[in-house]
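Q: If you use my numbering, the sequence shown corresponds to residues 96 to 338, in order.
Keep in mind the hints are simulated off the structure, nothing from the lab.
The beta carbon of each residue, even a glycine, is placed where N, CA and C say it ideally should be.
It cannot be assumed that every hint is accurate.
[Stated by the list, open to error] Label pairs and their computed distance ranges (CB to CB):
| id | residue 1 | residue 2 | range |
| --- | --- | --- | --- |
| 1 | Val-121 | Ala-313 | 39 to 47 angstroms |
| 2 | Asp-145 | Ala-322 | 46 to 54 angstroms |
| 3 | Thr-191 | Pro-130 | 22 to 30 angstroms |
| 4 | Ser-304 | Pro-130 | 25 to 33 angstroms |
| 5 | Arg-199 | Ser-304 | 29 to 37 angstroms |
| 6 | Glu-194 | Gly-153 | 29 to 37 angstroms |
| 7 | Gly-208 | Asn-186 | 21 to 29 angstroms |
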Amino acid sequence: MERVAFIIDATGERIDCLLNPETFEVRRLAGVRTPAAGNEPIVGRGQADDPVRFTGGGRTELLLDMVFDVGLVESGGAPQDVRALTARLWNLAENTAHELGAGRPPLIRLVWGKSWNVPCVVSAIAERFDAFNAGGAPGRSWIRLKLLRVGEPAGSAACSFDEELTRTATANGDTDRPAALEAIGDGGTSDGRPGTARIDLLAADALGSPMRWRELAAHNDVDDPLAVRAGTVLAVPSAGSRS
């Protein structure tokens, strides 16, 4: 299964994430404003609601919460500091591109399989660190990324949303759902113990969407989603039992 990634339009550089998002939220602010006279809003005195002005356009925001952990790096030579894994995401919020003589963040595309391909820019990023080593380097972090969709005509945006709903309805169908599945890990550890499995990929196989990993974890009383041992058999929630 493909992981969420960001592609820089100008260079084609691809930034892959270690895990798919813990949460993925889309917000839409329509092109409706409260009119004002000078610095004072115009209110609807004697009416139930204030008047509004239809400006067209609007704003679509995407908010992603993601986990990065040096222990999840599959290839050899994992960094000691998780910031080595997240630095390129921070660079997406810098004014490294130029337009009309002014700096701006680069135009990127959020891509996730065949379901998501969104032109956007990073408007905000925050990172919370954990699992510090003796030298103070963090080994794990939680990233919150806020994106603004850009450069998409209204008609194309509406069509894209309708297509996404159709694909999601197909992907999340509950037909032929298994009763249980075995966690497949990424190899053994240095002391011979079995490796860990990615619960978001397990949720994709069992429930049709990696976004439902919390549901799978809660159903199996998994306290640490980063420590599901390979070979563990997980029960799959029955259809209609979603919390």
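Q: Against each hint, give a clear statement of whether it holds in the structure.
A: A quick look at each hint next to the structure:
1. Hint check: Val-121 to Ala-313, Cβ distance near 23 angstroms, so the stated range 39 to 47 angstroms is violated.
2. For the hinted restraint 46 to 54 angstroms between Asp-145 and Ala-322, the CB-CB distance of approximately 52 angstroms keeps it satisfied.
3. Taking 22 to 30 angstroms as the suggested C-beta distance range, the pair Thr-191 and Pro-130 does not conform, at roughly 37 angstroms.
4. Separation of Ser-304 from Pro-130 is about 42 angstroms and departs from the stated range, judged on CB atoms against 25 to 33 angstroms.
5. Roughly 34 angstroms separates the CB atoms of Arg-199 and Ser-304, a value that falls within the hinted 29 to 37 angstroms.
6. The supplied range of 29 to 37 angstroms is broken by Glu-194 and Gly-153, whose beta-carbon atoms lie about 21 angstroms from each other.
7. Our hint of 21 to 29 angstroms for Gly-208 and Asn-186 holds, since their Cβ atoms are close to 24 angstroms apart.
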